[in-house]
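All chains should be built: construct the whole structure from the sequences, respecting the hints.
Under the numbering used here, the residues of the sequence shown are numbered 52 to 698, in order.
If you're looking for bench data, these hints aren't it; they were derived computationally from the structure. Note that the structure is a prediction, hence the values are computed from the model and not measured. Each hint should be verified, as a subset may be incorrect.
[Claimed, not checked] Cut-off 20 angstroms, straight-line C-alpha distance, at most; resulting in silico cross-link-like pairs (SDA-like, lysine to any residue):
#	residue 1	residue 2
1	Lys170	Glu234
2	Lys679	Asn546
3	Lys582	Glu356
4	Lys395	Lys423
5	Lys93	Lys109
6	Lys415	Ala579
7	Lys170	Lys93
8	Lys170	Arg219
[As the list claims (entries may be wrong)] Simulated restraints on C-beta separations:
#	residue 1	residue 2	range
9	Gly294	Gly136	21 to 29 angstroms
10	Gly294	Gly178	25 to 33 angstroms
11	Ser140	Gln386	45 to 53 angstroms
12	Gly475	Ser681	52 to 60 angstroms
In this text, a Cβ means the ideal position worked out from N, Cα and C, and glycines have one as well.
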Amino acid sequence: MKPAPRLLAILFVGAFVSAFAQLNLNTISSASVREWKYVPTKVETVLVETEVGNGLAKTTLTMVLQPGAYQDYRYDPVEICDDSGCYTSSRRVWYGPEEEVDSIEISSRFTVPTDFVAKEMWLWVDGQKQRAYIQDLALATAQYESTVNRRKDPALLRCHGNGSYDLRIFPAESFKARKIAVEFNHTFNDDSASLITAAIPLAFDSAYSYYYASSKNASIGYMKARIIATDGGSYEFDMPGLGSGTVSSRPLVLEKENIVTLSPGSVYTSDPSGSNEYLWTGKDKDNNLAAGFSYMISQATVDLEPEPETRVIVLDVREEHWDQGEYYEALYEYQYGRTYDYWKDVEPVNVWERAQKYAVLCIKNYVNDGQKFNVVINEEPVFNSPVSPTTSNLVKAFTAIAAAGPDAGTSTLDAMREAADQAGDDVIILISDLMRPYNYVKYLYDSNDRYTGTEKSSAGTAFDELIDSLSERIEKSEATLFTIDDEYSLSAIANESGGYRLASLRDTYYYYRYQPYVVDGEQKYVPALPKLFLDEYYGRGITGVEVTCSQVDNLVYTLDGHQYFWWWWAEPVALDDAVAPGGAVLRKRSAMVLPRYATGERLLRVAAFANPGQNLTFTITGKMGGLKFSKTVKGTAGGSYGTPDEN
Numbered sequence: 052m053k054p055a056p057r058l059l060a061i062l063f064v065g066a067f068v069s070a071f072a073q074l075n076l077n078t079i080s081s082a083s084v085r086e087w088k089y090v091p092t093k094v095e096t097v098l099v100e101t102e103v104g105n106g107l108a109k110t111t112l113t114m115v116l117q118p119g120a121y122q123d124y125r126y127d128p129v130e131i132c133d134d135s136g137c138y139t140s141s142r143r144v145w146y147g148p149e150e151e152v153d154s155i156e157i158s159s160r161f162t163v164p165t166d167f168v169a170k171e172m173w174l175w176v177d178g179q180k181q182r183a184y185i186q187d188l189a190l191a192t193a194q195y196e197s198t199v200n201r202r203k204d205p206a207l208l209r210c211h212g213n214g215s216y217d218l219r220i221f222p223a224e225s226f227k228a229r230k231i232a233v234e235f236n237h238t239f240n241d242d243s244a245s246l247i248t249a250a251i252p253l254a255f256d257s258a259y260s261y262y263y264a265s266s267k268n269a270s271i272g273y274m275k276a277r278i279i280a281t282d283g284g285s286y287e288f289d290m291p292g293l294g295s296g297t298v299s300s301r302p303l304v305l306e307k308e309n310i311v312t313l314s315p316g317s318v319y320t321s322d323p324s325g326s327n328e329y330l331w332t333g334k335d336k337d338n339n340l341a342a343g344f345s346y347m348i349s350q351a352t353v354d355l356e357p358e359p360e361t362r363v364i365v366l367d368v369r370e371e372h373w374d375q376g377e378y379y380e381a382l383y384e385y386q387y388g389r390t391y392d393y394w395k396d397v398e399p400v401n402v403w404e405r406a407q408k409y410a411v412l413c414i415k416n417y418v419n420d421g422q423k424f425n426v427v428i429n430e431e432p433v434f435n436s437p438v439s440p441t442t443s444n445l446v447k448a449f450t451a452i453a454a455a456g457p458d459a460g461t462s463t464l465d466a467m468r469e470a471a472d473q474a475g476d477d478v479i480i481l482i483s484d485l486m487r488p489y490n491y492v493k494y495l496y497d498s499n500d501r502y503t504g505t506e507k508s509s510a511g512t513a514f515d516e517l518i519d520s521l522s523e524r525i526e527k528s529e530a531t532l533f534t535i536d537d538e539y540s541l542s543a544i545a546n547e548s549g550g551y552r553l554a555s556l557r558d559t560y561y562y563y564r565y566q567p568y569v570v571d572g573e574q575k576y577v578p579a580l581p582k583l584f585l586d587e588y589y590g591r592g593i594t595g596v597e598v599t600c601s602q603v604d605n606l607v608y609t610l611d612g613h614q615y616f617w618w619w620w621a622e623p624v625a626l627d628d629a630v631a632p633g634g635a636v637l638r639k640r641s642a643m644v645l646p647r648y649a650t651g652e653r654l655l656r657v658a659a660f661a662n663p664g665q666n667l668t669f670t671i672t673g674k675m676g677g678l679k680f681s682k683t684v685k686g687t688a689g690g691s692y693g694t695p696d697e698n
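Structural data, given as structure tokens:
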């Protein structure tokens with residue numbers, strides 16, 4: 052028997068966000084790995100099996116895919132006329148004989164709703180169903196490539212975060228089908244329209260062309276859907292292009308041939324609570340009662356605290372100028388043992404002058420009446436404690452900034468300690484030229500110039516220790532950090548605290564906006580610093596989420612599909628972090644960064660063991676765009692559904 056194929060599922064928080072998540076079967080692409088000749092992919096059959104109940108859902112998607120033959124094509128001009136006139140377009144024309152090819156890889160990149168988690172995958176090999184397994188990214192990818200080279204039968208499913216997946220199957224041949232199945236776990240969610248809905252994001256749009264993939268045989272040969280409710284409830288199901296009907300303990304079965312257009316489906320029922328939260332109740336394998344809720348965190352659904360009062364601006368600059376040619380030349384020489392003079396003719400940047408200008412801009416942009424500020428210049432504060440922005444205080448601050456200079460011996464950690472002590476849990480703005488040292492790490496090669504690994508220097512180790520200390524200091528202070536810098540590690544600390552990078556200190560251009568102005572006929576630019584909080588263009592995600600419930604001593608939650616706890620189906624619940632006095636507390640990770648949906652929302656799911664009829668109060672806290680927020684959800688555990696109310 053051939054070895055079982057391997058499954059890859061890597062979950063991490065990233066930046067990719069899709070406004071409309073679905074798996075469009077018409078984007079499945081097939082190509083020969085020998086010659087990269089693309090061939091059309093026929094979706095022969097599709098089976099969708101969905102179980103719903105108690106706020107949970109499981110969908111298994113089974114597909115039979117068949118690559119076609121390769122044929123040459125060209126684009127011929129064609130004239131198109133309508134009411135607005137005539138114009139020239141082009142159409143694809145195939146010519147010559149069809150060529151059957153082997154060594155075909157079937158692949159698809161797709162995005163599904165972010166509460167979907169791929170749990171299992173199977174590939175049929177010689178008519179036998181083979182199970183796949185979840186493994187580490189590097190290991191699984193290496194195994195897949197190795198298996199492809201041996202011409203065996205692997206299947207690879209990779210998750211890139213935020214519901215983004217890619218699927219690869221090898222080998223395939225023209226007109227020989229491959230069968231695959233993927234099982235997804237997902238949840239219900241209240242859509243604030245008195246409905247509880249679970250999405251089935253399967254689509255087929257023949258107008259959505261992906262190179263060669265949808266040019267021929269643009270239809271699903273046969274499709275069947277089987278939906279069943281496991282909690283005794285009654286639901287409605289609708290998938291445009293396939294059909295609709297009522298779902299209960301008696302399965303709803305829908306079938307259709309030659310589907311040209313298919314839209315995502317949904318299973319839904321009325322929310323019996325009439326509330327904006329949906330408290331569900333279910334049991335695990337040991338018959339323990341579990342209660343929880345799904346909640347969409349957004350600016351409209353939580354209580355945001357006012358902007359913090361204090362801003363502490365830190366100037367942390369060691370050198371007056373930065374010569375990027377000198378820096379990268381030394382870096383390449385140390386890391387690779389090679390010369391690199393790409394930036395040798397670039398003028399050094401006066402980073403101290405820029406830091407001074409940014410400090411003044413930060414005071415002017417971010418300190419208003421009723422707020423307080425201070426400036427820490429190379430570890431020394433201008434004022435003993437934060438002060439109001441009176442005219443005399445502003446003049447003193449601007450004068451101190453103008454009179455100061457860079458200090459080669461300044462300590463970023465000491466400066467941030469001083470800033471954290473003065474800012475408390477408010478706002479720190481760090482303007483720093485701190486950067487990873489050129490001799491951070493060396494890349495090692497053997498005598499045949501083959502890469503063998505890396506060796507971190509003592510300077511690299513010291514830099515990492517500094518970054519860890521800075522991160523710990525900011526987390527302990529609970530301040531929101533914003534930065535003007537060019538060091539990724541500093542920006543990452545800012546993101547985790549709820550802030551972000553405002554601008555670059557070294558680059559003359561950046562992806563942040565600049566405003567032009569003219570001096571003596573010469574156009575110059577000044578940075579247009581973004582807003583600190585909830586800015587539409589620059590606003591960041593939700594961070595530092597904590598959930599507490601004093602009535603239970605075991606509490607778990609999932610945020611946007613990552614680290615799912617499906618214990619109410621199979622396994623007993625286990626607390627992932629420490630239990631605080633007076634109730635259970637789970638912080639999945641201190642200062643968690645949650646990428647936003649396109650609308651700035653984030654889906655949170657919470658669960659805990661409870662007793663029938665027990666009243667539960669869940670409290671959610673965190674930061675959104677740097678502002679602290681809180682939310683309370685109450686409900687009573689019992690029956691198939693709870694009765695939550697909003698507070």
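To test your reading of the hints: which numbers does this structure violate?
4, 5, 7, 9, 12
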